[in-house]
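Engineer: Below are the chains, spelled out letter by letter.
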Amino acid sequence: MATGEIDVKYVAHLARLALTPDEEKKLGAQLGHILGYIEKLRELDVTHVEPTAHAVPLVNVTRADEIRPSLPHEDALRNAPKEGGGLFIVPKIVE
Amino acid sequence: MLNQLTISELSAKLARREVSAREATQACLDQIARVDAKIHAFISHDAADALAQADAADKRISSGAKSSLLGVPIAVKDVLAVKNQPLNCASKILGNFISPYDATVIEKLKAAGAIVFGRLNMDEFAMGSSTENSAFGLTRNPWDIERIPGGSSGGSAAAVAADECLAALGSDTGGSIRQPAALCGCVGLKPTYGRVSRYGLVAFASSLDQIGPFTKDVRDAATLLGVLSGHDLRDSTSVPQPVPDYTAALTGDIRGLKLGLPKEYMVGGLDPEVKAAVDAAVKKFTELGAEVVEISLPHTDYAVATYYIIATAEASANLARFDGIRYGARVDGNDPIELYDKTRGAGFGPEVKRRIILGTYVLSSGYYDAYYLRAQKVRTLIRNDFLRAFETVDAIVTPTTPTAAFKAGEKSDDPLQMYLSDIFTISCNLAGISGVSVPCGFTNNPKLPLGLQLLGRPFGEESLLKIAHAYEQATPWHRERAAL
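Those protein sequences? They're chains A and B, same order as listed. Per numbering that gives the first Met the number 0, residue 0 is the first one in the first sequence, and the count goes up by one each step. Per numbering that gives the first Met the number 0, residue 0 is the first one in the second sequence, and the count goes up by one each step.
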């Protein structure tokens, strides 16, 4: 397991989160402290233990492949920061 | 005063036509006008809409309609979608978002005739234990306004404790219903995972979140649970388990039932007044004919660490959708990545950022096995502790919190200290079982509420509520109200 240090800048990039240098520094210290605490999980022997992803395990929850009504267009666009022509307007993605 | 009644009491008066839904709603609105400037349980509320719903309820009542919540004003944590009302999760990032649909629980409340109103304050995106992480200001504990009401459903707990509504909805991921209920002196119930649909609940940690009620007594909690519960096709994690009449379980007779007191929870370092209250509760249970035995939950010490890996990992995925593209506030950029970075940097508060970064890290390449996978395995060990305990006891009894409400600002500098205060409530969500907090006394000076937590088998809410109700009815705590 890691030594309790996070490359905050790299992780923030993965999370698409802009941080000020001050935030980066503060977070680095706080998260290092928290990760140090989390190290205690290493004390346990978890060989042959199955992971629990969901406490009440349901399997293969599916529905019939039938068309059902979904959110109307106008409702879906209602909260858009920028919309036009029934679409969400975003900055240019490709040159 | 009508706002001071329980749901049972108000429903009876409405059915006898002694009072109207409009009068009851107006009483709540008047109380909000009187105290909310001080308490700030509500981020906002739409008085005109509430009164319109009340008038509709009165019409239904006079035409002879009967429904368990008809005419009852119930307020809502700002994390649930109510059609045409704001939805902010106490964050700036959702901007002026207006919900285009009702959450399933809201549909159910409305179908049962409830007057659904208000946006109750909370920690941003349900991340916190004090409601200090709200982008809309603090909520204050009605018992002492220098102190926090708990979190993340602090507004819900404070509103019920301050008689600003007859009940409220909250959500619980690591204790966010039970802890504020304990600190504010009301009843808070987290149903078994999968009991209540999460459709329309803004997700924090999808394998831990559950919606639940805040009420003034256990009977009301049972009534509300019956309305909220049920399988929902729109939530693939909701369980197709039949919904019993939870109120029918409240017989008052708990003779022969066995309760377990986990030795790992009653350790040195527990506040003496909290210990005294739990000891007194144990004595009361014995008087009522139940047997209290010591049990062991050996992996207790690992619960907080496990939770803060799993919950933050899931949160980092769930909060990825707040990107300024389809809804909410947007800070522009030259390309979408810059837009995401700036929008999220500006829109999220510090606690949310902290958890997103931690969650992203524990899921990232090279660290996934060491952190996330390991935490999921420890989660199995924690769950097995409870399932094993339930082979010998019917319910587990613990303090809800290690202390009474702390002062605003006291823990906000040390995130880890804040996390450790969730120690008693957190395992319940990891194990997926049901849990309820009921008032069990007060500290001496100042007079602050203390909560007793009962934990029950998965889908064992009937037994859980029966035990909670019997204790409540044999004690005076639930009748006390803060002086406001």
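Simulated from the structure, these hints should not be mistaken for laboratory data. Everything numeric in this text was worked out from a predicted model, so none of it was measured. Backbone N, C-alpha and C fix where the C-beta goes; we use that ideal spot for every residue, glycine too. A couple of the hints might just be wrong.
Which bits of chain A does chain B cover? Going by a derived footprint, with three or more residues having C-beta under 8 Å, they are [unchecked claim]:
1) 23 to 36
2) 50 to 56
3) 72 to 80
4) 84 to 91
Engineer: List in ascending order the numbers of the hints, as given earlier, that are violated by the structure.
Structural biologist: When the structure is compared with the hints, none of them turns out to be violated.
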